[in-house]
Amino acid sequence: MEKFALVGGIIITPFREVKDGIIIIEGDKISELGKAGDFKLPDNIKKVNVSGKIICPGFVDLLVHGGSGFGFADDKIDSIEKVANYFLQHGSTSMLASLFAKPEKLLLKDLRRLADYIESHPGSNIRGIHMEGPYLNKQLKGAMNANYLWQPTVQSWNKLWDASKGYIKIMTIAPELPGASLVMRAAAQQGVVLSIGHSMATYDEVEVAIDNGAAHVTHIFNAMSPFHHREPGIILSSLLRNELKIELIADTMHVHPAVMELLLKLKGANGIILVSDSIRAGGMHEGEYEFADQKVYMKAKKAYLADGTLAGSTLTLNMAVKNMVETANAKLTDAVRMSSLNGAKVIDLEHKKGILAVGKDADIVILNSEYEVEATILGGELIYKKT
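One point on numbering: in this note's numbering, the residue at position 241 of the sequence shown is 249, and numbering is uninterrupted.
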């Protein structure tokens with residue numbers, strides 16, 4: 009069993025900072041962690057000097073459609089691995105592969121392809137599927153193709169669930185749609201986290217949705233009714249109801265930095281999950297791409313449809329952490345927690361992922377002072393090193 013030590017970095021646990029810290033990795037687990045002066049390293053152990061670097065838990069990204077020119081909805085199996093590897097290079101050691109609405113035959117095929125990959129690659133960073141749709145409100149479709157949205161029925165949901173082999177971990181749904189409550193109840197009973205999004209739900213409808221299993225809100229402020237003081241909806245519900253955790257795309261374009269700071273003050277670091285919502289344009293040059301059979305343009309890291317509608321992002325979570333710290337006045341510990349442990353909790357991985365402590369999985373990201381990923385360790389194995 010391989011054993012080595014990361015020596016001299018600033019460990020973000022992510023509840024506190026341990027300066028001049030040491031992490032000993034044995035096999036796929038953390039076997040010791042603490043300050044350099046608190047214990048003596050064995051003479052024969054391999055030492056990796058990470059002085060001046062930020063050492064944090066591997067990021068957990070719950071909403072990823074693609075990156076590096078590829079997408080999880082591509083009709084080819086090698087695209088899955090290419091997207092997974094791109095995000096490993098940016099520190100995401102756990103992620104949900106996200107799919108969008110398509111005609112039934114094609115969407116079921118996408119689900120089966122992803123489920124087969126996850127099943128056959130247990131060591132991958134893909135932990136499940138975030139089904140963004142297909143039961144969404146056409147009036148707030150965002151970059152979704154309105155022609156591909158479905159009417160909610162339990163029968164169609166059962167087809168999705170069976171095709172996914174139970175790997176759907178989160179489903180974004182508009183709870184105000186006729187039949188949505190029945191679908192929500194069926195999915196909740198199967199352990200799926202229900203996330204409100206692409207929705208015009210009122211405050212009262214959100215309360216009913218919570219009772220039917222909703223526990224999450226997809227990319228807050230985006231693809232939902234704007235805040236109104238006499239007609240409260242999802243945004244007010246998200247801020248008031250502790251049952252709801254909120255996803256935030258912290259690229260400073262989807263949500264203004266001042267609003268990100270306000271969210272942090274109102275919801276607290278435990279109530280926010282940083283997500284990328286990255287599409288295939290992530291990490292690519294400026295130009296024309298595709299999403300849900302629609303043209304997407306990317307310029308200055310901004311992805312949008314021809315009518316100007318934002319179409320996902322080109323964000324990675326290391327940059328989301330940077331943006332929260334540098335533009336929204338978040339503490340580094342809070343920003344890291346929002347990008348790691350909070351997401352792990354949503355998909356029931358907090359007992360082993362998203363936190364640096366003895367006995368936890370050795371999923372670790374090493375960042376430099378500019379929040380660039382220097383190295384990624386997955387299951388105790390160095391799988392990426394910046395050259």
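No lab work stands behind these hints, which were simulated from the structure alone. Glycine is no exception: its CB is placed at the ideal position from the N, C-alpha and C atoms. Hints may contain errors.
[Claimed, not checked] Dumping the calculated DSSO-like pairs for lysine-lysine here, alpha-carbon to alpha-carbon at most 27 angstroms:
1) K54 to K307
2) K27 to K394
3) K27 to K48
4) K393 to K55
5) K309 to K11
[To be verified] Quick list of simulated restraints, FRET-style, between CB atoms:
6) K393 to G131: 14 to 20 angstroms
7) G199 to E34: 29 to 35 angstroms
8) M208 to E251: 16 to 22 angstroms
9) E269 to Q302: 28 to 34 angstroms
10) R238 to E269: 22 to 28 angstroms
11) F235 to A196: 54 to 60 angstroms
12) A196 to K54: 29 to 35 angstroms
13) T317 to A44: 46 to 52 angstroms
14) K393 to Q302: 34 to 40 angstroms
15) D170 to D83: 29 to 35 angstroms
16) N52 to G199: 24 to 30 angstroms
Okay, the hints, checked on the actual structure:
no., hint, result
1, K54 to K307, "violated, 44 angstroms"
2, K27 to K394, "holds, 23 angstroms"
3, K27 to K48, "holds, 16 angstroms"
4, K393 to K55, "holds, 16 angstroms"
5, K309 to K11, "violated, 40 angstroms"
6, K393 to G131: 14 to 20 angstroms, "holds, 18 angstroms"
7, G199 to E34: 29 to 35 angstroms, "holds, 32 angstroms"
8, M208 to E251: 16 to 22 angstroms, "holds, 20 angstroms"
9, E269 to Q302: 28 to 34 angstroms, "holds, 33 angstroms"
10, R238 to E269: 22 to 28 angstroms, "holds, 26 angstroms"
11, F235 to A196: 54 to 60 angstroms, "violated, 27 angstroms"
12, A196 to K54: 29 to 35 angstroms, "violated, 47 angstroms"
13, T317 to A44: 46 to 52 angstroms, "holds, 51 angstroms"
14, K393 to Q302: 34 to 40 angstroms, "holds, 37 angstroms"
15, D170 to D83: 29 to 35 angstroms, "violated, 20 angstroms"
16, N52 to G199: 24 to 30 angstroms, "violated, 45 angstroms"
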